[in-house]
Amino acid sequence: MDVFIEKLVKKQKTSKDTLFSIGVVVATLIIVFGVIPLIPIVRNFLIFFLLLFGYLAYYLIRSRNIEFEYSLTNSDLDVDKIIDQKRRKHVVSVDCRDFEIMARVNTDKFTEDIKAIKNRIEAVSSMSSPDVYFAVFEDKGIKTVLFFEPNEKMIETIGRYIPRKLFK
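Mapping the sequence shown onto the working numbering, position 117 (from 1) lands on 117, and the numbers just tick up by one.
Just to be clear, a hint being listed does not mean it is correct.
PhoX-like cross-link-like pairs, simulated, lysine-lysine; straight-line CA separation at most 25 Å [as the list claims (entries may be wrong)]: (1) 153 with 7; (2) 118 with 89; (3) 118 with 16.
Don't read these hints as lab results, they were simulated from the structure. From a predicted model like this one, the values you see are computed outputs, not experimental measurements.
Build out the structure end to end from the sequences listed, making use of the hints.
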């Protein structure tokens, strides 16, 4: 019998996101009211540029609304990034049997060797969440660490495929 489990995780806003939003608004105001009036040809189209840059600012700020979707089909884990509930980007597909290790981040299994792996995929609400797990695998010949927040059913299903590599 096939197993199919999905989970959606909303990324929490950080101070970086807030600073980015403020920076976009300030830059938009400076461009529209500070730079464009200085250009004689464009001055007549101030309302057009106000709307154009206003929409661009809105688009950039909304693009910081990120969710991650995990889909586990038998042993295949797919992670997608959903931006502003409209655009979907595929992040990674991996067979759980290829995991070298899977455990919670806040355990002794998260060693310095694993922390030193450069290729990281952080598909979590927040790295400080107590539910964050990591999994180490090779993606196109490069050792990769995936950080994600599976639910109990996902952990149980993955455990069937890698019982000696999964540490709860």
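A quick look at each hint next to the structure:
| no. | hint | verdict |
| --- | --- | --- |
| 1 | 153 with 7 | holds, 10 Å |
| 2 | 118 with 89 | holds, 21 Å |
| 3 | 118 with 16 | holds, 22 Å |
Violated hints for the displayed structure: none, as all numbered hints are satisfied.
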